[in-house]
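Which chain is which? The protein sequence lines are A and B, in order.
Under the working numbering, think of the first position of the first sequence as 55, with each following residue one higher.
Under the working numbering, think of the first position of the second sequence as 5, with each following residue one higher.
By construction, these hints were calculated from the structure, which means they are not laboratory data.
You may find that some hints are simply not true.
[Claimed, not checked] Below, a list of computed lysine to aspartate or glutamate pairs in the EDC-like style, where the Cα atoms sit at most 20 Å apart:
id	chain 1	residue 1	chain 2	residue 2
1	B	95	A	86
2	B	95	B	124
3	B	95	B	39
4	B	54	B	77
5	B	54	B	186
6	A	229	B	51
7	B	95	B	177
8	B	95	B	187
9	B	95	B	51
10	A	229	B	177
11	B	54	B	187
12	A	229	B	39
A quick note: this is a predicted structure, and the numbers were derived from the prediction, not measured.
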Amino acid sequence: MGQLMIDPVVDIVIRGAFALLFAMAGLEKFHDRATFQFQLEEYQLLPVRLVYAAAICIIFIEIVIAVALLLPDSIYGVVMGASLLMVYAAAILINLLRGRTWMDCGCLGSTGEGLSYWLVTRNLGLAASLLLLMLPTTSRALIWLDYFSILFAILAASAAYVVFNTLLAANTRSKMWWS
Amino acid sequence: MESSLIISNMLLWIVVIVLMLAVFALARQIGVLHERVAPVGALMPTEGPKIGELIEPMEVQLLDGSGFSIGGENDYRMLIYFLSPTCPICKSLLPIVLSIASHESDHLRVVFASDGDNTDAHIAYANEHGLEDYPYIISQPLGMRMGVNKLPFAVLINEQGVLRGRGLVNNREHLESLLQADEMNVSSLQEYLGITEKTA
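Chain B on its own, in the form it takes in the complex (with noise of 0.2 Å):
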């Protein structure tokens, strides 16, 4: 009897253990799937600027103190990349938007953005992922206007200083998104497969 159940004790341990790595590496799939399922383009949050509206000049500090301007009319389209250097997508993603940043050069500027009081740390970060000939803006005001909910997340404004996309970018497929919805002229991706799911 007694031996039967240390035997059962011991058996029962063992499925349980199997059963967690089981569990576990289901778990790992689900992560897996979602991220396969995540949305094709930038993701607009509802609130803040509509697309299509007028961006007012707005004064902004860089990191080096100096002024610098959003908005308004330019020579340049302009990426604002909204980061934070504890967000880790954030991270992960500043090679494809430098990227893109040396392959548009010729009418695209990008501009980096971010908030809080820790000028050194983001000193630091912006030298070692290399955007220190980037403007960097620190502005909370600029974040609050642009509607930014969530990081990453990016803007692209025109020559004549409309607001043309906006959205949290999670990938390369997002940010490119937001540049091909401006050249194909519609407010955002959800709204071009709207079109053509409607048409088709």
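Next comes chain A alone, as it looks inside the complex (with noise of 0.2 Å):
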């Protein structure tokens, strides 16, 4: 035992789960650059004429961190995922202590429901589930079993996700018409 290691299937199903996230999140972004260039704007940390370039670069490391999670035994898209989502988490941060809590996150799905520190929250634990890739994997020859196991956890992973999504926009909307 003494060193912590992880099973293949939780190794591709974690990297699984994340390019699928990014992918999503990518291509959401991409398919409508003018909303996400105003909402990376209303976050006021880049100067304005800095912002188009910006959202093109975020868009596209989204992607190659989505392709980079897909090669085996690479931490690339490990590393570059995980510090993408804590800059996230930095960015949301400050707009929060700014007061700046009705702006749209503008993170997968997102529609405009406000900002939480349970977003900050969110993206640490994304981070942190990403990161258990820097643990070395066991080497065992899977079976077709485990690939069922790999499709279904990935799908669950995902319906979580939105399950979280889903809730937290419910509570913030609220909290921003009862506070």
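Two chains, two separate frames, one set of hints: put the complex together.
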């Protein structure tokens, strides 16, 4: 024992789920670049002149992370992905501290419900799960049942993410109404 | 033994997915319920100017660079609608604001207000949503003066330059409650409900 290791199934599930997350996020932003540019500008962290270039860069980086995560045994996607999630968390935190809670987070699937500390927690949690991939993987031959588990675990993880965001959106919205 | 484990594993995964769908449906329902119990009437923040306070004339700049005056004596009531181009609820309320503006045009003037450095974005937004014919203020001090803490936010100032209502507006009822409250001479719908509850 001694050294903490993860099973290849866990490794593939985490890689697959995060590749899906970054690909969806990147495609959503690419699909509506104008809105994303607006959202990025609302964060008020970059000079207006740089926002367009930064928006294109972020979309590109998200797609690159999605692809890099799919390369087996590669840690580039892991490091870039976790860093990006933490940068997002910091950007949200800065705007929370500025009191700009009404702005749209621009996250995957957000519909303008506003910012909350839960988003920061969520992103840090996601970064931590992604960093699990830094652990060494045990080696064993995968059988067909493993692929079945991988498929369903990725589906379940995606569903859990959507459910979390739906509950969080309702919570943030009602806080906005009642505070 | 092995095949029982395989079967149980597959069954459990299917149950997990079905339960996930059920939880998702419930989460959506919670969102809908939250929306149903949203407060009636525009919600007024505690900080900021009080209803009945005289708003000293304040010079602000419009989108086209010309000057504009808020507060002081006028021959119309003024409804200031605070928005941001990135705020989805602000956008969804725009048709309602515009309809109020055209229906009450004889004694109410609707003014839009926002802040931010990117004038082009505001011009594009104004053109896209048909706000060109209305004053569109770009001013951060105005938002701070009116205690705008959330968007979309509306402020009503009467002919004498007195603040008659302000608050977070999330739907048509909220906007109309501001105008109603002014016409019935109460500071907010919440106050009105309080009065009727006491007398009932």
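Hints and how they fare:
no., hint, in the structure
1, B:95 x A:86, "holds (16 Å)"
2, B:95 x B:124, "holds (17 Å)"
3, B:95 x B:39, "holds (18 Å)"
4, B:54 x B:77, "holds (18 Å)"
5, B:54 x B:186, "holds (14 Å)"
6, A:229 x B:51, "holds (17 Å)"
7, B:95 x B:177, "holds (16 Å)"
8, B:95 x B:187, "violated (27 Å)"
9, B:95 x B:51, "violated (25 Å)"
10, A:229 x B:177, "holds (19 Å)"
11, B:54 x B:187, "holds (17 Å)"
12, A:229 x B:39, "holds (11 Å)"
In summary, the numbered hints that this structure violates are 8, 9.
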